[in-house]
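Participant: Protein sequences appear in the order of chains A and B.
In case it helps, the working numbering puts the first sequence at residues 1 to 91.
In case it helps, the working numbering puts the second sequence at residues 1 to 392.
There's no promise every hint is true.
Using 25 Å as the maximum straight-line C-alpha spacing, the simulated PhoX-like pairs for lysine-lysine come out as follows [claimed, not checked]:
id	chain 1	residue 1	chain 2	residue 2
1	B	Lys157	B	Lys289
2	B	Lys230	B	Lys288
3	B	Lys289	B	Lys305
4	A	Lys2	A	Lys62
5	B	Lys222	A	Lys2
6	A	Lys4	B	Lys230
7	B	Lys380	A	Lys17
8	B	Lys305	A	Lys4
9	B	Lys244	B	Lys277
10	B	Lys244	B	Lys258
11	B	Lys303	B	Lys258
12	B	Lys346	B	Lys380
13	A	Lys4	B	Lys288
14	B	Lys222	B	Lys234
15	A	Lys17	B	Lys277
16	B	Lys305	B	Lys346
Looking from chain A toward chain B, a few residues come up when the C-beta cut is under 7 Å (computed) [said to hold, decoys possible]:
id	residue
17	Glu3
18	Trp6
19	Ile11
20	Gly13
21	Ile15
22	Gly65
23	Asp74
24	Gly75
25	Ile76
From the derived model, a few chain B residues whose C-beta atoms are all more than 10 Å from chain A [said to hold, decoys possible]:
id	residue
26	Gly126
27	Tyr194
28	Val207
29	Tyr217
30	Gln224
31	Glu335
32	Lys380
No lab work stands behind these hints, which were simulated from the structure alone.
For every residue, glycine included, the Cβ atom is placed at its ideal position computed from N, Cα and C.
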Amino acid sequence: MKEKGWEEIPIGGVIDKAGSAAEYKTGDWRTFKPVRDEKKCTHCLLCWIYCPDSSILVKDKKMVGFDYEHCKGDGICAAVCPVKCIRMEKE
Amino acid sequence: MSKVIALMGDQAAAEAMRQIEPDVVAAYPITPQTEIVMTFAQFVADGLVQTEMIPVESEHSAMSACVGAAAAGARTMTATSANGLALMWEIVYIAASTRLPIVMPVVNRALSAPINIHCDHSDSMGARDSGWLQIYCENNQEVYENIIMAVRIAEHKDILLPVMVCQDGFITSHAVEGVKVYDDKQVKDFIGEYTIRHSLLDVDNPVTYGPLDLQDYYFEHKRQQSEAIKNSLKAIPEIFAEFKRHFGVEYDFIETYKLSDAEVAMVALSSTAGTIKAVVDELRAQGKKVGLLKPRFFRPFPKEKIVQALSGLKAVAILDRSESFSNQGGPLFTEIRSALLDESKKPLTVNYIYGLGGRDINTEQIRSVFTDLEKIVKEKEVKDLVNYLGVR
Ligand code: SF4
Ligand code: SF4
Chain A
1 MKEKGWEEIP IGGVIDKAGS AAEYKTGDWR TFKPVRDEKK CTHCLLCWIY
51 CPDSSILVKD KKMVGFDYEH CKGDGICAAV CPVKCIRMEK E
Chain B
1 MSKVIALMGD QAAAEAMRQI EPDVVAAYPI TPQTEIVMTF AQFVADGLVQ
51 TEMIPVESEH SAMSACVGAA AAGARTMTAT SANGLALMWE IVYIAASTRL
101 PIVMPVVNRA LSAPINIHCD HSDSMGARDS GWLQIYCENN QEVYENIIMA
151 VRIAEHKDIL LPVMVCQDGF ITSHAVEGVK VYDDKQVKDF IGEYTIRHSL
201 LDVDNPVTYG PLDLQDYYFE HKRQQSEAIK NSLKAIPEIF AEFKRHFGVE
251 YDFIETYKLS DAEVAMVALS STAGTIKAVV DELRAQGKKV GLLKPRFFRP
301 FPKEKIVQAL SGLKAVAILD RSESFSNQGG PLFTEIRSAL LDESKKPLTV
351 NYIYGLGGRD INTEQIRSVF TDLEKIVKEK EVKDLVNYLG VR
């Protein structure tokens, strides 16, 4: 993304549109990456409830993977998973 | 119709606030600002204003509540002094850099320690780099009028910065003077309505205030603030002109007194300027070519006007009611001296730090400064750059 100059941005640090956090790719902050053992996953979605970065992807009520563009690798999903099917792997 | 009523400086500030009728006032009382909050709270209790008054538990909360209210689009005011300003420090910067047009009367008082409740300018001078505009008032009339004007200045689309309107603790804040108060309607017509561009409460156009702003954009936001301060030098004269049209009173960034043909002059902020005027009159009667420059604005710093007013003089004494501990003089001195530096024709300059902790400055001390200036002109040399006037 080309960074803008001081005359091109709203004053006072105001962000003048909603939902812009999605444009901020926080995935590169990650040191450890969550990897799921699909066979063991019971789709209880506890990881989805706990993930502070909305990075658990769910389709048809099933956990289908991680949004690695935004997942910061905090390991909360791995800690709360009742069947311990998420492993944190070094990037 | 205007009318002249007897008011203390603090009451003059509260009277201006009554007529402005801000949407929100969040304030905490502190000597010598207390009478502003007290008087205004009475106006609220008596139903004279519709203002939402938030009696907070500290100045840090006062300024925090002001930031929230102003971000929502409310016309917002508070008031403080000394340690109160120090306690709100963190949020003082946030108000300026979030570009919220809050107006705050500051009743200048010394900062502790040792504890002192009397006048000096160390509180607001400490906040000179915070990004707020600063107006200094000589008397109660100026307090009243500058607060009314400050609303328009803060909210000007090319400025959008908070404004401190400073007056001298006790010296003006608790002294009763005749103040010409304009009609409520006249004042309301002058200040008009305020509409914020991005309201925090506009759910149809949601915005974020105060996000994280790191190496990639923080600098750009600071650059915008510098530009707003520069813009204010162009925009404020429009407001002076409009104030004159409405009220028939002329304002400028500076006031000069018997300066046009003067050879030496003193420079001082706020009430001390009034005392100097009396000495100037006395010395003029003896045929001495003396004058006064009173900057009304310290932010924006009216460099061009100050340079124009002073560059033709032989020697100038600049008075500071605060100490910067730089050994190079107080804040008013260092900025004026720096402004004059590149001029080919410039006066010799000397600094006097005075009046700390409310120490009286009297006409005798002011006369002694003019005597020093005569000597400096004769010897073409400033022997002591920084002097302490009235200290034992
Ligand atoms: S918490 Fe574990 S079991 Fe439950 S959905 Fe997430 S990965 Fe699957
Ligand atoms: S590691 Fe943290 S951020 Fe990434 S998916 Fe798990 S809970 Fe979400």
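Participant: All the hints need checking, so say for each whether the structure fits it.
Facilitator: Quick rundown of the hints versus the structure:
1. B/Lys157 <-> B/Lys289: violated, 43 Å
2. B/Lys230 <-> B/Lys288: Violated. B/Lys230 to B/Lys288 sits at ~37 Å, over the 25 Å cutoff.
3. B/Lys289 <-> B/Lys305: holds, 21 Å
4. A/Lys2 <-> A/Lys62: violated, 37 Å
5. B/Lys222 <-> A/Lys2: Since the Cα atoms of B/Lys222 and A/Lys2 sit roughly 19 Å apart, the hinted pair holds (cutoff 25 Å).
6. A/Lys4 <-> B/Lys230: holds, 21 Å
7. B/Lys380 <-> A/Lys17: At roughly 62 Å apart (the allowed maximum being 25 Å), A/Lys17 and B/Lys380 break the hint.
8. B/Lys305 <-> A/Lys4: violated, 35 Å
9. B/Lys244 <-> B/Lys277: holds, 24 Å
10. B/Lys244 <-> B/Lys258: holds, 22 Å
11. B/Lys303 <-> B/Lys258: holds, 20 Å
12. B/Lys346 <-> B/Lys380: holds, 12 Å
13. A/Lys4 <-> B/Lys288: Cα-Cα ~58 Å, so violated.
14. B/Lys222 <-> B/Lys234: holds, 19 Å
15. A/Lys17 <-> B/Lys277: Distance ~55 Å between A/Lys17 and B/Lys277 Cα, so the pair is violated.
16. B/Lys305 <-> B/Lys346: holds, 14 Å
17. Glu3: Since the shortest Cβ distance to chain B is 6 Å, the answer is holds.
18. Trp6: Constraint on A/Trp6 satisfied, holds at 4 Å.
19. Ile11: Holds - the Cβ of A/Ile11 comes within 7 Å of chain B, reaching about 5 Å at its closest.
20. Gly13: Given a least distance of 5 Å, the restraint on A/Gly13 holds.
21. Ile15: Holds: closest Cβ of chain B sits about 4 Å from A/Ile15, inside 7 Å.
22. Gly65: violated, 28 Å
23. Asp74: At 17 Å from the nearest chain B Cβ, A/Asp74 fails the 7 Å test, so the hint is violated.
24. Gly75: A/Gly75 check fails; min Cβ-Cβ to chain B is 22 Å, beyond 7 Å.
25. Ile76: Not OK, violated: A/Ile76 not within 7 Å of chain B, min 21 Å.
26. Gly126: Check passes; 23 Å lies beyond 10 Å.
27. Tyr194: Correct as stated: the minimum Cβ-Cβ distance to chain A is 16 Å, above 10 Å.
28. Val207: With a cut-off of 10 Å, B/Val207 comes too close to chain A, as the shortest Cβ separation is near 5 Å.
29. Tyr217: violated, 7 Å
30. Gln224: violated, 5 Å
31. Glu335: For B/Glu335, whose nearest Cβ neighbour in chain A is about 25 Å away, the distance exceeds 10 Å, so it holds.
32. Lys380: Given that every Cβ of chain A is farther than 10 Å from that of B/Lys380, nearest at about 46 Å, it holds.
Hint compliance for this structure: hints 1, 2, 4, 7, 8, 13, 15, 22, 23, 24, 25, 28, 29 and 30 are not met, and every other hint is.
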